Amino acid sequence: MTDSERKGAVLPAAKEPGDAVLDFLRLVMEKKLADAVILPLKVPSGDSYAWILMNDISLLDDAVPIAATMPVHGAKALRSLTRKGPGNLTVIAVMRPCEIRAAMELEKLGQVHPDNLILATYDCPGAVQLQKYVDDPAGSEKLFTEMMQKGKPDDSAKPVCHYCENFSMFDSDIHFGHLGLSDKEMFVIPGSSKGSKFLEELGLTPAVDLSAWEEGIDKLKTDRKKARKSAFEETGVQLRGIDGLLSVFANCIGCHNCQSACPICYCRLCYFDSETAEQNPDALIIAAEKRGGISLPEDRILFHTGRMAHMSLSCVSCGQCSDACPVSIPVAGVFSYIADQTQRTFEYIAGRNDGDPLPLRQFRKSELPGVHELVKDADAEVSSHE
Amino acid sequence: MSEWQPKILAILCNWCSYAGADLAGVSRMQYPPNIRVVRVPCSGRVDPLFIMKSLQSGFDGVLISGCHPGDCHYISGNYVARRKFAVLKPLLEFIGIEPDRVQFSWISAGEGERFATVVTKVTEDIRKLGPSTKLVKKL
Chain A
1 MTDSERKGAV
11 LPAAKEPGDA
21 VLDFLRLVME
31 KKLADAVILP
41 LKVPSGDSYA
51 WILMNDISLL
61 DDAVPIAATM
71 PVHGAKALRS
81 LTRKGPGNLT
91 VIAVMRPCEI
101 RAAMELEKLG
111 QVHPDNLILA
121 TYDCPGAVQL
131 QKYVDDPAGS
141 EKLFTEMMQK
151 GKPDDSAKPV
161 CHYCENFSMF
171 DSDIHFGHLG
181 LSDKEMFVIP
191 GSSKGSKFLE
201 ELGLTPAVDL
211 SAWEEGIDKL
221 KTDRKKARKS
231 AFEETGVQLR
241 GIDGLLSVFA
251 NCIGCHNCQS
261 ACPICYCRLC
271 YFDSETAEQN
281 PDALIIAAEK
291 RGGISLPEDR
301 ILFHTGRMAH
311 MSLSCVSCGQ
321 CSDACPVSIP
331 VAGVFSYIAD
341 QTQRTFEYIA
351 GRNDGDPLPL
361 RQFRKSELPG
371 VHELVKDADA
381 EVSSHE
Chain B
1 MSEWQPKILA
11 ILCNWCSYAG
21 ADLAGVSRMQ
31 YPPNIRVVRV
41 PCSGRVDPLF
51 IMKSLQSGFD
61 GVLISGCHPG
71 DCHYISGNYV
81 ARRKFAVLKP
91 LLEFIGIEPD
101 RVQFSWISAG
111 EGERFATVVT
121 KVTEDIRKLG
131 PSTKLVKKL
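Those protein sequence lines, which keep their order, are chains A and B.
Throughout the first sequence, residue numbering follows the numbering used here, covering 1 to 386 in sequence.
Throughout the second sequence, residue numbering follows the numbering used here, covering 1 to 139 in sequence.
This list has only true hints and no planted wrong ones.
Here are the simulated DSSO-like pairs of lysine-lysine, each with C-alpha atoms no more than 27 Å apart in a straight line:
| # | chain 1 | residue 1 | chain 2 | residue 2 |
| --- | --- | --- | --- | --- |
| 1 | A | Lys229 | A | Lys152 |
| 2 | A | Lys229 | A | Lys150 |
| 3 | A | Lys152 | A | Lys221 |
| 4 | A | Lys152 | A | Lys15 |
| 5 | A | Lys42 | A | Lys150 |
| 6 | B | Lys128 | A | Lys290 |
| 7 | A | Lys290 | B | Lys53 |
| 8 | A | Lys150 | A | Lys132 |
| 9 | A | Lys290 | B | Lys7 |
These are calculated hints, taken from the structure and not from any lab test.
Note that this is a predicted model, so its numbers are computed, not measured.
My request is simple: use the sequences and hints to build the entire structure.
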């Protein structure tokens, strides 16, 4: 489906975009088109959200489909539901685009099975940083409402949100478009054949022209692209070299929270948490002798660079790692920057659902000439012998 | 004190490059004694972490060698190795490690001569760069 042919349906007016989504989900449940819904629900203490798999329609009254912050990444919720294979029941989930993108990466890694899932996204203005939200839930909600109206992240939002280009429709089954539209108006747009079929069964035929919404989104995208470019330039200068890396990660306490919060790091046992990574005292003393001194616990920075090598191809820049960091290291900024470079090597965009496998699961016979150009001279010498 | 000699880790695949090294030895070819060989089942087995870890442990350079394209014993392991290596490259650059310290090549079981040439070339490249200090003291 090309962008120009894209059509949507208009949802009945509601007070807030979130309410329109809830009305849509009520209709879905009433028509029995889905057996359950996955949505964020405010926790009883009122200062955070949790993903709830609900089949009781009355629970929808307390759900907040467009939550101000994202404590647990949605892809993790989808993984816990479907990691052992697709269920028989149809489940519809409404999540941020970065959560669906991570879920798509996890699908390629065999961790999420979306066969019976209907994945819906919405235009995301950004998410409030978790720490800021926990400090002041009411104030953050207010700020988030303003962000929703403007369609732009403010200072309370995660830094990566400011330069996220894929904040709108991105390979989900259904998308709710509301940014840049007049108040109370909301489009529901099919993004896949599964989504089209679902909307048809629901009686929402996509027939409305979307150009007004698309124009608004394109404008926001241009701004974000600019912000991305300047942010990466800055990060590049700041981080280059081992000294830059060391100063950014200087306060790392080695808690590995960034790894546990990361939706892509699904390994049951990370190398860095394994016994293999632990060395006996003699080996460490020899290492210290050789190098003049080593920091303990060892491999604090190697943990980060190792993680970059392992998951940067699938990094969707959701910013969960920064939110999880207890010492406020801008982990997400660094990973986002590295991911941009490694993904560009293969012209790969993490989170795309176009049937392309992960870059490391495929190859072309002739590619990446730069990789072994270093021994080109040797090649020439050998061929001259022949 | 004698002149500094680079210490290079050579990770060779069992089916081609290791046999190539063997042939170079059997044929009594001369090449610098600076490499320490680790045999792996396939160059596709090489995790980028191995490379970072070896640089951190005091090696001055790393040479990874696998079968020529199309010759992999496991059909495509060497292509995957090439991709993994392409991911590692910008990362090493970012950390500030000179790209010449980590090199990747194809050597078949029959190319003893090429093995000697590649090792000589890599050793000379790394000798020019001097001892690796980027990761050694700090990580």
